[in-house]
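Take a look at the letters that make up each chain.
Number of protein chains: 2
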Amino acid sequence: MPSTPEKYATLAPFLSVRNGAKAVEFYKAALGATELFRVDEGGVIARLAIGDSEFWLSDESPQHGNFSPQTLNGSTSRMVIVVDDPDAAFDRAIAAGGKVVFPMEDQSYRWRIGRFVDPFGHHWEIGKPLA
Amino acid sequence: MPSTPEKYATLAPFLSVRNGAKAVEFYKAALGATELFRVDEGGVIARLAIGDSEFWLSDESPQHGNFSPQTLNGSTSRMVIVVDDPDAAFDRAIAAGGKVVFPMEDQSYRWRIGRFVDPFGHHWEIGKPLA
Numbered sequence: 215m216p217s218t219p220e221k222y223a224t225l226a227p228f229l230s231v232r233n234g235a236k237a238v239e240f241y242k243a244a245l246g247a248t249e250l251f252r253v254d255e256g257g258v259i260a261r262l263a264i265g266d267s268e269f270w271l272s273d274e275s276p277q278h279g280n281f282s283p284q285t286l287n288g289s290t291s292r293m294v295i296v297v298d299d300p301d302a303a304f305d306r307a308i309a310a311g312g313k314v315v316f317p318m319e320d321q322s323y324r325w326r327i328g329r330f331v332d333p334f335g336h337h338w339e340i341g342k343p344l345a
Numbered sequence: 215m216p217s218t219p220e221k222y223a224t225l226a227p228f229l230s231v232r233n234g235a236k237a238v239e240f241y242k243a244a245l246g247a248t249e250l251f252r253v254d255e256g257g258v259i260a261r262l263a264i265g266d267s268e269f270w271l272s273d274e275s276p277q278h279g280n281f282s283p284q285t286l287n288g289s290t291s292r293m294v295i296v297v298d299d300p301d302a303a304f305d306r307a308i309a310a311g312g313k314v315v316f317p318m319e320d321q322s323y324r325w326r327i328g329r330f331v332d333p334f335g336h337h338w339e340i341g342k343p344l345a
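Listed in order, the protein sequences are those of chains A and B. Each residue of the first sequence is one higher than the one before, counting from 215 in our numbering. Each residue of the second sequence is one higher than the one before, counting from 215 in our numbering.
Bear in mind the hints are in silico, worked out from the structure with no lab data behind them. Treat the hints loosely; a few may be bogus.
When chains are identical, the list treats them as one kind, so a pair holds in a single copy or across two.
Stated by the list, open to error - EDC-like cross-link-like pairs, simulated, lysine to aspartate or glutamate; straight-line CA separation at most 16 Å:
no. : residue 1 : residue 2
1   : Lys221    : Asp298
2   : Lys342    : Asp305
3   : Lys221    : Asp266
4   : Lys221    : Asp254
5   : Lys313    : Glu255
6   : Lys342    : Glu239
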């Protein structure tokens, strides 16, 4: 069931970033994300859809325990995207400004998968299980 | 569509932890998660289902850019769980060993929601939009 404004997934990740407004634009360009919800009140809070899934993002607020990867110099969760054509999706993300961490390759564990880091420090894997 | 071993969500978060084996047990007890996939090869890699959603976890490997919250002293994504009875789900998580960050309350933005941190340093919000 695709993510919609009315139907919430049981679980959705909520990414902390610096400059949430730019991050929304990046995720639209790089991942084809669409906005399900957005408020701009000093900082941005947005709920974005990608395929059948959704995620949230907002500007970091360390005082509430919400740290951006730029603040912590690393990330504690990466995001895994599974699509039919991971090569095309990966190329799109890199063209939009993602930096390759691991190139798209067939792995010994029977996935074709690559990994990039976005301009906000979050890591994304794009792949699919091999038949 | 519920998450199944055969059907991958477009997007799933992948949490890095110290002691993946204990983390799997915690998420089963605290969140009612079920195992869709698991390998133990020195470290644990697991794909877990919760409601219609899924997430991955593994032992951290900083050399690959996968940091646990304990290593970075904070987390860069939190996980948002939406269920019909957030109070019961929150109580279960706390009883299993989660620590309250923000108690379950009705918020001005029209959600009933609370937040806890798990023994591995990941933050979880459990809530639902108010009618």
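Evaluated hints:
In this assembly of identical chains, the alpha carbons of Lys221 and Asp298 lie at most 16 Å apart only when taken from different copies (12 Å versus 24 Å within one copy). For the identical chains of this complex, Lys342 and Asp305 are intra-copy neighbours only, at 15 Å inside a copy versus 36 Å across copies, given an alpha-carbon limit of 16 Å. Proximity of Lys221 and Asp266 under a CA criterion of 16 Å is satisfied in both settings, with 11 Å inside one chain copy and 11 Å between copies. Within a single copy, Lys221 and Asp254 get their C-alpha atoms no closer than 22 Å, and across copies no closer than 35 Å, so neither meets the 16 Å cut-off.
Taking identical chains as interchangeable, the C-alpha atoms of Lys313 and Glu255 are never at most 16 Å apart, the minima being 30 Å within one chain and 29 Å between chains. Within a single copy, Lys342 and Glu239 get their C-alpha atoms no closer than 25 Å, and across copies no closer than 27 Å, so neither meets the 16 Å cut-off.
When each numbered hint is compared with the structure, violations occur for hints 4, 5 and 6.
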